[in-house]
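2 protein chains.
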Amino acid sequence: MTLTHAIRRTTRTLADGREIIYFDDTAEAPARTAVDTRELGPRAAAGHLRYDALVGDWVAVAGHRMNRTFLPPKDECPLCPTGHGSVPSEVPDVDYDVVVFENRFPSYAPVAHDDVSAPDFFLHSAAVGRTEVVCFTSDHESTFARLSPHRVRTVIDVWADRTAALGRSPDIAHVFCFENRGQEIGVTLHHPHGQIYGYPYVPARTAEILARATEHHGRTGRLLGADLLAAERADGSRVVLSGEHWTAYVPYAARWPVEVHLAPHRDVPDLVALGDAERDELATVYLDLLRRLDRYHVGDGGLPIALPYIAAWHQAPTRTGRDVSRLFLQVMSVLRGPGKLKYLAGSESAVGGWVTDTRPETVAARLRDLAD
Amino acid sequence: MTLTHAIRRTTRTLADGREIIYFDDTAEAPARTAVDTRELGPRAAAGHLRYDALVGDWVAVAGHRMNRTFLPPKDECPLCPTGHGSVPSEVPDVDYDVVVFENRFPSYAPVAHDDVSAPDFFLHSAAVGRTEVVCFTSDHESTFARLSPHRVRTVIDVWADRTAALGRSPDIAHVFCFENRGQEIGVTLHHPHGQIYGYPYVPARTAEILARATEHHGRTGRLLGADLLAAERADGSRVVLSGEHWTAYVPYAARWPVEVHLAPHRDVPDLVALGDAERDELATVYLDLLRRLDRYHVGDGGLPIALPYIAAWHQAPTRTGRDVSRLFLQVMSVLRGPGKLKYLAGSESAVGGWVTDTRPETVAARLRDLAD
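Chains A and B, in that order, are what the protein sequence lines are. Here our numbering is used: the first residue of the first sequence is 336, the next is one more, and so on. Here our numbering is used: the first residue of the second sequence is 336, the next is one more, and so on.
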């Protein structure tokens, strides 16, 4: 029997008007009433979007992000609770379990300035939307893989909460929950955190996934995501681990040196649709997967290398293709081996011709061997 | 009046059967008759392609490339002429002007092993095609930007020669000439060189560019590439430099920190179609552009930073969409500033939502200021 996971949700406002939401999962958590005492001035607006007619896609131009916080010393970490460092942080309270707030340097925000004056041929619009930061723990030195299953369950509920909340905005066409981990992928803050983007359009790769799913559904009456999962489970050679509700596998045509997809057994469009039992198992299965990934590469002295990764939740867009989309998590890494990165050079970046030098079956076999 | 550029073409065979072609542009170049004396064993076959049904795209799996030469010391450079280093190189002769040979660690090759045994649901095929290395000069310490206009004209003729030759193969659907420059983009050999890929399919981004061009042509009767060039020239705020036959501009929706497109004024599908006057001017215009790019970022002590870049020729596929495609060169860099790279993290890599923090007009203005 599964008990409903209990979290307490407290919404507050930062000094510049941005929203901050505490999600507490411990019974003893004190009320989150601290006031943001910083002098921040007005909140930063987002910029604008430009249409790239060459490929039929949008590019967000966010000039102010050039000045965003870059690898600050630990005692100036903006994601630690206030009082942990030498300066007030983005989180006014002295502690938190999980906290979400609007990004100070937003790619998309409720307020956006479209300051382009271009002839009609060049399409543009304001980058209206929302970009949020999700801190997984107040412990600066931790990682997602070291969270408790209880905390991961909270994070899952937070992702679902934010997906539902952002999805209600008429401005937001797609909600994307993700974690970038490691300097090799450009992370500028070490504190364990993820991000949530609410885009005002359906981004190109999501649109492509939706187009293929729509085509498959029209042709077969079935969900492409379900057929891919069934085929991977039937083949088995790329399956990493499997529970009652979830299966993790290296996809047949994996394009990253390390890539795993984690898919629910039930057809669901997004995180909101997951039930309690599915969320509970996801917490343990995802932790198991991340811990294997952190042992995948072994460095000098036989020590495992904390894997830099992108963990990306592919969900149905908020208002299109919800009947053909199927939720999955994509975790991928650019690390080919100790000190060796996969680069997206000419073939991948210019013409989109991907070449990989790792066999998906070999990656899966190694990940299967790395059980606790 | 333009004189036809004279080059001498000598085809030879390496020890493992791979083709090598010398393109000499100096009247005094001796005959290229040296024999490859290495014991290489049989040439490496390419691997296979897997179909990624999720996005409708192919991924080449080339396992042996994991062992390719990685930043060798200068006296073991495989691209220097033999005799310059301590070991015989890939080029048997003691000198060359420009030389092209088939890649020893090929992503695509005339011989490819499709060793996948997968159920019908998973599509695969042999990675038949061709991957070539183009050495721009025998001078290990040089760069493309430091070549003479005469030599660049030779390289242009070589690109056209290879585009025509590879395009005649029934196995090759698209020919891509490019240069990856700099360790920041993953270059594993410092010797100035580019590559040519002959793909057995039209890669995804090229296919997308073709789809948009086809749609535009069907709707307007015009070439999208011509309309974009005309709009950029009319607007002018992003134009970097312009000649009689070529214009370089930062595209309206540039997505890389530094990105320039160089387009011919005449509608041509590929490099083969360029005339002598166009090739001559391209040599000087491209050198001018590259020299500006190498002064774009300034490091400690006021010294300019050699820009890591991808220079990518977008051509019409060999047999599809030739009537709607229009040649252009895309040069882009991941370097945002000294020591700061643009990373393709969650938003770009997972859902395809691009965010840039540099304004195209600002980049263009700086490049205009950097004239010799």
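Treat the hints as calculated values from the structure; they're not laboratory data. Ideal Cβ placement from N, Cα and C applies to all residues, glycine included. A couple of the hints might just be wrong.
Stated by the list, open to error - Just so you have them, the derived chain A footprint on chain B, three or more residues with Cβ under 8 Å: (1) 354-360; (2) 476-490; (3) 536-542; (4) 580-592; (5) 600-612; (6) 631-642.
Stated by the list, open to error - Straight line, CA to CA, 25 Å or less: simulated BS3-like cross-link-like pairs of lysine-lysine: (7) B:Lys409 x A:Lys409; (8) B:Lys409 x A:Lys675; (9) B:Lys675 x A:Lys675.
Verification of the hints:
1. Counting residues of the segment 354-360 of chain B whose C-beta sits closer than 8 Å to any C-beta of chain A gives 0, which falls short of three, so the coverage hint is violated.
2. Residues of the segment 476-490 of chain B with a Cβ under 8 Å from some Cβ of chain A number 0, which does not satisfy the need for three, so the listed coverage is violated.
3. Counting residues of the segment 536-542 of chain B whose C-beta sits closer than 8 Å to any C-beta of chain A gives 5, which meets the bar of three, so the coverage hint holds.
4. Residues of the segment 580-592 of chain B with a Cβ under 8 Å from some Cβ of chain A number 5, which satisfies the need for three, so the listed coverage holds.
5. Only when three residues or more bring their CB closer than 8 Å to a CB of chain A does the claim for the segment 600-612 of chain B stand; here the count is 0, and the claim is violated.
6. Remark: the segment 631-642 of chain B is not confirmed as covered by chain A, as 0 of its residues place a Cβ nearer than 8 Å to a Cβ of that chain, below the required three.
7. For the suggested pair B:Lys409 and A:Lys409, the alpha carbons sit about 41 Å apart, so the restraint of at most 25 Å is broken.
8. Only pairs whose Cα atoms come within 25 Å are accepted, and B:Lys409 paired with A:Lys675 is accepted, the gap being roughly 20 Å.
9. This hinted pair checks out: B:Lys675 and A:Lys675 have alpha carbons roughly 19 Å apart, not beyond 25 Å.
When held up to the earlier numbered hints, the structure conflicts with 1, 2, 5, 6, 7 and fits the remainder.
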